[in-house]
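Residue numbers (this note's numbering), protein chains in the order written: chain A, 1 to 210; chain B, 211 to 646.
Just so you know, these hints were derived from the structure itself, not from any lab. Just to be clear, a hint being listed does not mean it is correct.
[What the hints assert, rightly or not] Straight line, CA to CA, 35 Å or less: simulated DSBU-like cross-link-like pairs of lysine-lysine:
hint, chain 1, residue 1, chain 2, residue 2
1, A, K132, B, K325
2, A, K171, B, K343
3, A, K185, B, K517
4, A, K22, B, K517
5, B, K322, A, K132
6, B, K256, A, K185
7, B, K573, B, K256
[Said to hold, decoys possible] Per the computed footprint, the stretches of chain A lying under chain B, defined by three or more beta-carbons under 8 Å from a beta-carbon of chain B, are:
hint, stretch
8, 98–111
9, 144–155
Treat the numbers as computed from the prediction; the structure is a model and nothing was measured. Every residue gets a Cβ at the ideal spot worked out from N, C-alpha and C, and that includes glycine.
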Amino acid sequence: MPKDFVDLLADLQEEEVIKLTKQRLEAGEEALAILDDSRKAMEVVGDRFAEGKYFIPELVYSGELLTQITELVKPYLTRSAESKRLGKVVIGTVAGDIHDIGLNIVGFMLDVHGFEVYNLGVDVSPQKFVEKMKETSAPVLGLSGFLTLAFNSMKETVEALEAAGLRDKMKIMIGGGQMDDEVKKFAKADAYGKDAMEAVSLAKKWIGVK
Amino acid sequence: MTWQEKREERFEKWLSAPGVNFVSPEAREGYKARATRIINAIKLEKPDRVPCQIPGGSFPAYYAGFDFKTIMYDYEAMRRAWVKFALDFDSDTVGVAAFTVPGKLYDILDYKLYKWPGNGLPDSASMIQFVEKEYMKADEYDALIDNPADFMLRYILPRTWGAFAPMAKLPSISSVIGIPFLMLNAASDPEFRPMFDAINKANEEKDKWLKVVIEVSQSVLEAGYPSEGGGIALAPFDTIADILRGTYGAVMDMYRQPDKLLEAMERLIPLSLQEVKEQADMSLSPTVFIPMHKGDDVFMSDEQFEKFYWPSFRKLLLALIDEGLVPYMVVDGTYNRRLEYIKDLPRGSVVWVFEKTDMAKAKKVLGGHACIGGNVTGSLLRTGTPEKVKEYCRWLIDTCAPGGGYILTLGASIDNCNPDNLHAIVDTAKQYGVYK
Chain A
1 MPKDFVDLLA DLQEEEVIKL TKQRLEAGEE ALAILDDSRK AMEVVGDRFA
51 EGKYFIPELV YSGELLTQIT ELVKPYLTRS AESKRLGKVV IGTVAGDIHD
101 IGLNIVGFML DVHGFEVYNL GVDVSPQKFV EKMKETSAPV LGLSGFLTLA
151 FNSMKETVEA LEAAGLRDKM KIMIGGGQMD DEVKKFAKAD AYGKDAMEAV
201 SLAKKWIGVK
Chain B
211 MTWQEKREER FEKWLSAPGV NFVSPEAREG YKARATRIIN AIKLEKPDRV
261 PCQIPGGSFP AYYAGFDFKT IMYDYEAMRR AWVKFALDFD SDTVGVAAFT
311 VPGKLYDILD YKLYKWPGNG LPDSASMIQF VEKEYMKADE YDALIDNPAD
361 FMLRYILPRT WGAFAPMAKL PSISSVIGIP FLMLNAASDP EFRPMFDAIN
411 KANEEKDKWL KVVIEVSQSV LEAGYPSEGG GIALAPFDTI ADILRGTYGA
461 VMDMYRQPDK LLEAMERLIP LSLQEVKEQA DMSLSPTVFI PMHKGDDVFM
511 SDEQFEKFYW PSFRKLLLAL IDEGLVPYMV VDGTYNRRLE YIKDLPRGSV
561 VWVFEKTDMA KAKKVLGGHA CIGGNVTGSL LRTGTPEKVK EYCRWLIDTC
611 APGGGYILTL GASIDNCNPD NLHAIVDTAK QYGVYK
């Protein structure tokens, strides 16, 4: 018996899963069903990462496969793909730091686990974070940074949110290269997460997802 | 000659520092004592005390009251910063000022691999940052493999240095006879004129910068501080994944064209070796600085490390060792699951400086086999007190120093922190790290 779609994608079988996507579309299957299966597969990818079976290459490659599938499916989408989202999460790399590989993996994992992600990119000023948090009322903020220079930027971002009177309306997680629990304390954030799946767990916990 | 004999020759040169006019007999003695300490640690012998290295990073700029941008552009400021740093912290080696790259030269040549303060980063940025891109395309492996030098000149150089963009126009540089005419044709091509102008301008800038770098190195040596870093190299996987293809591209290749990726990495080994050997032959220090990025526990699986990272890197290391050089790895992230692999090198031939690796585990696996160090983190230095730093350094010494083969040092260089935290490291090595 051929492997099903979710398994093929979760096992990163590029050729087979793309072939199957095309077959399903040609057979007139609902495009949304394919996207739904893709989401399920991505959750398996995330679980395998959390279990230490998958690593960064698998996450990056699965992202590439998902992009290809989404491109194939797009022309067939008759109604909006907006599924019910678990909650909003704003993420960005703090001022002065331009590293985005980890940031984008976190954004991708949050997205495939059902969060509405606002990825502000790199070198994001405290003011920009404040504005976005005001605009979205997101309950979770993720600050990314790779270098030691990000320590101060994280602290300044948290302080800007305090000054704007927003701090107690959100939980803040930090992550990236040189970050750890000491930096979390220094920056007055709520948690440090060591990888993308910890970001997902923290967001789920804070937003109250079972 | 065996690798040990070749290395003894290099150690001898490092220790005797030919041509260096020490400022005083004490400086000469101090130099010898410091270099001996490091050499002992490398050879897994017990020095008089635990050696201690404080890498500069951008710290010298802030410590001297400047910022990083200032010392990138003002070479006199660079001089003052590095000399002050070298003399005020009694580190057993001092990194070369050349780690502070000349901003204006990079401006003139329009370097794309970096962003720096005032050029892609805010003026206040305290370090250079790397710009990852697919400078090499997925279908260009054959070009790299067939003729790496040609590929670097005509593909990578013009894509990574704006001023060298016209190089992409050149035909393949493979004919022995044709090369002079190729150069003449280039010289008469109007598109090449700005390139040659930029080279001349950049070269003037390089001379100004290099003069100061050499003078700084000289005065630091004369004051009794051995230099470190006789060369720099990257693991072949990092060369591809950092510089040529980027993380994303390299990951795609791991799945879509693993054989090409593996072949290209093999091809890079002799080039890297040649480059390092030339650098090292010109300098006193036999250590080869190798910053390590994408082989860590979090980035890839054991199987991926076994297949893509370790074999070509191990080959490069063995080749460096065979030249009498001492590979000095600074390993970002954690290597807890890699320790057994990296043990597979000649005893006492390399130094592993870890950032976040479990040092007790590292000592257990590598003790008596390879010199280790590191793990004083940027986070501790930036957020901790001198007391906390001392406490941690004492723990490190208790855990890693017994039996020798240990250097107390940072897990990564630092941009700015309380100077007393760095003094705390040196003081702990001196007071607590004495071998009895």
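Would you say the stretch 144–155 of chain A counts as covered by chain B, given the rule of at least 3 residues with C-beta under 8 Å? holds (count 4)
Three or more residues of the stretch 98–111 of chain A near chain B by CB distance under 8 Å? Holds, because 3 residues of the stretch 98–111 of chain A bring their Cβ atoms closer than 8 Å to Cβ atoms of chain B.
Has the given pair, K22(A) with K517(B), been kept, meaning a C-alpha gap of at most 35 Å? holds, 33 Å
Assess, step by step, whether the Cα of K322(B) is no farther than 35 Å from the Cα of K132(A), and give holds or violated. holds, 31 Å
Taking 35 Å as the top limit, are the C-alpha atoms of K132(A) and K325(B) close enough? holds, 26 Å
Hinted pair, alpha-carbon criterion (35 Å max): K573(B), K256(B). Please report holds or violated. Roughly 15 Å separates the two Cα atoms, so the pair holds.
Within a Cα-Cα threshold of 35 Å, do K171(A) and K343(B) meet the stated pairing? Distance ~33 Å between K171(A) and K343(B) Cα, so the pair holds.
Take the C-alpha atoms of K185(A) and K517(B), compute the straight-line distance between them, and say whether it is at most 35 Å. Distance of about 39 Å is beyond 35 Å: violated.
For the pair supplied as a hint, K256(B) and K185(A), is the alpha-carbon distance within the 35 Å limit? violated, 39 Å
When the structure is compared with the earlier hints, violations turn up for hints 3 and 6 and for no others.
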